[in-house]
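Protein chains in written order, with numbering that gives the first Met the number 0: chain X, 0 to 390; chain Y, 0 to 275.
Everything labelled a hint here was simulated from the structure, so no lab data went into it.
Any given hint might turn out to be false.
As the list claims (entries may be wrong) - Below 35 Å or equal to it, Euclidean Cα-Cα: the simulated DSBU-like pairs (lysine-lysine) are:
| no. | chain 1 | residue 1 | chain 2 | residue 2 |
| --- | --- | --- | --- | --- |
| 1 | X | Lys110 | Y | Lys6 |
| 2 | X | Lys165 | X | Lys263 |
| 3 | X | Lys263 | Y | Lys77 |
| 4 | X | Lys1 | Y | Lys77 |
| 5 | X | Lys1 | Y | Lys8 |
| 6 | Y | Lys77 | Y | Lys8 |
Stated by the list, open to error - Label pairs and their calculated CB-CB ranges:
| no. | chain 1 | residue 1 | chain 2 | residue 2 | range |
| --- | --- | --- | --- | --- | --- |
| 7 | Y | Glu177 | X | Arg114 | 28 to 34 Å |
| 8 | Y | Glu2 | X | Pro15 | 29 to 35 Å |
| 9 | Y | Val51 | X | Ser271 | 44 to 50 Å |
| 10 | Y | His172 | X | Arg114 | 20 to 26 Å |
| 11 | Y | Val141 | X | Thr235 | 16 to 22 Å |
| 12 | Y | Ala176 | X | Pro15 | 49 to 55 Å |
| 13 | Y | Lys49 | X | Leu274 | 45 to 51 Å |
| 14 | X | Arg79 | Y | Tyr255 | 23 to 29 Å |
| 15 | Y | Glu206 | X | Pro340 | 30 to 36 Å |
Predicted, not measured: the structure shown is a model, and the values here were computed from it.
Yeah, the Cβ is synthetic: ideal placement off N, Cα and C, and Gly gets one too.
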Amino acid sequence: MKTIYLDNNATTRVAPEVVAEMLPYFSERYGNPSSMHSFGGQVGKELRAAREKLAGLLGARPEEIIYTSCGTESDNTAIRAALAANPGRRQVVTTRVEHPAVKSLCEHLVKEGYRVTFVPVDQSGRLDLDYLYEHMTEDTAIVSVMWANNETGVLFPVEQIARFAKERGIAFHTDAVQAVGKIPIDLSASAIDMLSLSGHKLHGPKGIGALYVRKGTKFSPFLIGGHQESGRRGGTENTAAIIGLGRAAEFVSDHMEEENTRVKALRDRLESGLLGRVSHAVVNGDPENRLPNTSNIAFEFVEGESILLMMDGHGICASSGSACTSGSLEPSHVLRAMGVPYTAAHGSIRFSLSLYNTEEEIDYVVEHLPPIIERLRQMSPFWQNACEKTA
Amino acid sequence: MWEYTDKVKDHFLNPRNVGSIADADAIGEIGSMACGDALKLYLKLDENEKIVDAKFQTFGCASAIASSSALTEMIIGKSLKEAEQITNDHIAEYLGGLPKEKMHCSVMGRDALEKAISCYRGEPAKVVEGQVVCECFGVTDVQIERTVRENHLTSVEDVTDYVKAGGGCGNCHDAIAEIIDRVMGKSPKPKKPAEKLTNIQKIRMIEDALDREIRPELKKDGGDIELVDVDGERVLVKMRGRCATCTASQVTLKHYVESKLRELVTPELAVEEVQP
Chain X
0 MKTIYLDNNA
10 TTRVAPEVVA
20 EMLPYFSERY
30 GNPSSMHSFG
40 GQVGKELRAA
50 REKLAGLLGA
60 RPEEIIYTSC
70 GTESDNTAIR
80 AALAANPGRR
90 QVVTTRVEHP
100 AVKSLCEHLV
110 KEGYRVTFVP
120 VDQSGRLDLD
130 YLYEHMTEDT
140 AIVSVMWANN
150 ETGVLFPVEQ
160 IARFAKERGI
170 AFHTDAVQAV
180 GKIPIDLSAS
190 AIDMLSLSGH
200 KLHGPKGIGA
210 LYVRKGTKFS
220 PFLIGGHQES
230 GRRGGTENTA
240 AIIGLGRAAE
250 FVSDHMEEEN
260 TRVKALRDRL
270 ESGLLGRVSH
280 AVVNGDPENR
290 LPNTSNIAFE
300 FVEGESILLM
310 MDGHGICASS
320 GSACTSGSLE
330 PSHVLRAMGV
340 PYTAAHGSIR
350 FSLSLYNTEE
360 EIDYVVEHLP
370 PIIERLRQMS
380 PFWQNACEKT
390 A
Chain Y
0 MWEYTDKVKD
10 HFLNPRNVGS
20 IADADAIGEI
30 GSMACGDALK
40 LYLKLDENEK
50 IVDAKFQTFG
60 CASAIASSSA
70 LTEMIIGKSL
80 KEAEQITNDH
90 IAEYLGGLPK
100 EKMHCSVMGR
110 DALEKAISCY
120 RGEPAKVVEG
130 QVVCECFGVT
140 DVQIERTVRE
150 NHLTSVEDVT
160 DYVKAGGGCG
170 NCHDAIAEII
180 DRVMGKSPKP
190 KKPAEKLTNI
200 QKIRMIEDAL
210 DREIRPELKK
220 DGGDIELVDV
230 DGERVLVKMR
240 GRCATCTASQ
250 VTLKHYVESK
260 LRELVTPELA
270 VEEVQP
């Protein structure tokens, strides 16, 4: 059975070009870039080139990039660094729909005695900017707002928020793990102080992330150790992954236009195809301000895990905001923050596409998913009532 | 990804007895859309209170659908009295086991069956039995107590896996912990009947205790037990499976089976093994 992979916000296929470039660093080019000898030193040179490629994707300077092990480490580093740099300030401002990498950390900070403001969103997942601005005070150490939401794809106006923060002397961080590689980013023209990204979301390898720290931003390291990353993050470089991330940055940069035209068109084809064939189905999130690859659709009166497992039987991979798939009992905190009713939240499915998807695959899903929903609805005790009410 | 047994997968992908019964004799409804799962169970009985047909409608995850399907298969052909003995553990066992996090699906099956039987007997629905402990999922102390006792649960996390209580805001965790201490901390009081049991009552209770408590434990080690006779306070049994050849079976018999029967039936009982 062919796999139709529509779960690219979870992770992406490592591009073959990226794999090819990484392979020598597992075998013959195993040197430590910090070594004095030219065998290791040569690797150091190649890492510098990779760093320049990644900086190029972001419109940043190479020295503004700190490599980390993942997006979560980048987020933790950024927020902890801002708190350490501003010991007199005890408040963090973030949103109610952040990824757990920020959300759980902030909840933990509350236990440590910090004040955390979680800014609400409206029904379309748009941020309440008035609320956000009102809650930025002289006590605010950092504002952390994600660039794009991982579940709905909704984009937040982070550049605007960053400017507002800068005018008030408050540090601004964005978790851009879902945005980098999918939409154009130019940090040279923005007021963003720190930005997190992750390699495996942009056709790079897992186990590598990066934190952009604008030159002049007060910083203190999260991992203290060797002199690597100019003393800002200890630990021997993950050389193969850094090389891979550099190549991946080039790869997504080369395909940025395609992502925002062909992939976006595929996403729209999937969405209109499904909504046209399935009643009581709605798109979660602001359709105007979304990542080009993401569609989150609520199928009312059915449960997400059941949908996923039946799709799995057809080789279709997606993910769900349902409680049953997350190991918790509450459906997605993102959909609940948006006020999506339980009838819809439990049956919400996230489709996230990539450059590797084809029209044929989308048509296959549009053909095979509606009967699954129909079948599960026929089993559901709520479905008949719903039909009677709307009849 | 959840690890499901082949039996769960089969009952999910090919559910038995989906639908409704227009002239059902009993209907049991449990759960809600907010909870994330719900089950409506329909029963058709004959004049001897035998379940001749059962159908279900379920909103929920794969294991909720599989548990509902399994339940209907288990009860069709059984008398109401026999069906009443089914516990959530039996449903899970029938499916070859459920992931710990999904045990609440089997509890939902048992609860729907219980409701259907109450409905048939015209008993008032036990909706407000006890005090609500978990506000998020509307779970009462009585439900939590029963589940803790039947499944020997020892942590708040276990309780959440079985009846969802504590899976929302978390405010009730202390209250749940207190219930666990109350139920598991103190040894359960032997249900000593006030008046002397008749022989037939005694046999029924012994069989019930074997089915519910003892057999599942023995089966974990590949053993089994058969009730041969009850003579006064003497309970005659045969050890089966691995127990029959196990040198420790005498210890099991005296320490486990006998003490369990004394606890659950009457303290005077003595268990003896009948040699084949």
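Going through the hints against the structure:
1. X:Lys110 to Y:Lys6: Violated. Lys110 of chain X to Lys6 of chain Y sits at ~44 Å, over the 35 Å cutoff.
2. X:Lys165 to X:Lys263: Between Lys165 of chain X and Lys263 of chain X the Cα gap is close to 33 Å, so the pair holds against 35 Å.
3. X:Lys263 to Y:Lys77: Violated: Lys263 of chain X and Lys77 of chain Y sit about 56 Å apart, past 35 Å.
4. X:Lys1 to Y:Lys77: violated, 44 Å
5. X:Lys1 to Y:Lys8: This hinted pair holds, its Cα atoms lying about 21 Å apart.
6. Y:Lys77 to Y:Lys8: holds, 25 Å
7. Y:Glu177 to X:Arg114: 28 to 34 Å: holds, 32 Å
8. Y:Glu2 to X:Pro15: 29 to 35 Å: holds, 32 Å
9. Y:Val51 to X:Ser271: 44 to 50 Å: Holds: the Cβ-Cβ distance is about 48 Å, inside 44 to 50 Å.
10. Y:His172 to X:Arg114: 20 to 26 Å: Since His172 of chain Y and Arg114 of chain X have Cβ atoms about 24 Å apart, the given range 20 to 26 Å holds.
11. Y:Val141 to X:Thr235: 16 to 22 Å: violated, 58 Å
12. Y:Ala176 to X:Pro15: 49 to 55 Å: holds, 53 Å
13. Y:Lys49 to X:Leu274: 45 to 51 Å: holds, 48 Å
14. X:Arg79 to Y:Tyr255: 23 to 29 Å: violated, 54 Å
15. Y:Glu206 to X:Pro340: 30 to 36 Å: Between Glu206 of chain Y and Pro340 of chain X, where Cβ atoms are some 48 Å apart, the hint is violated.
In this structure, the earlier hints numbered 1, 3, 4, 11, 14 and 15 are contradicted, and the remaining ones agree with it.
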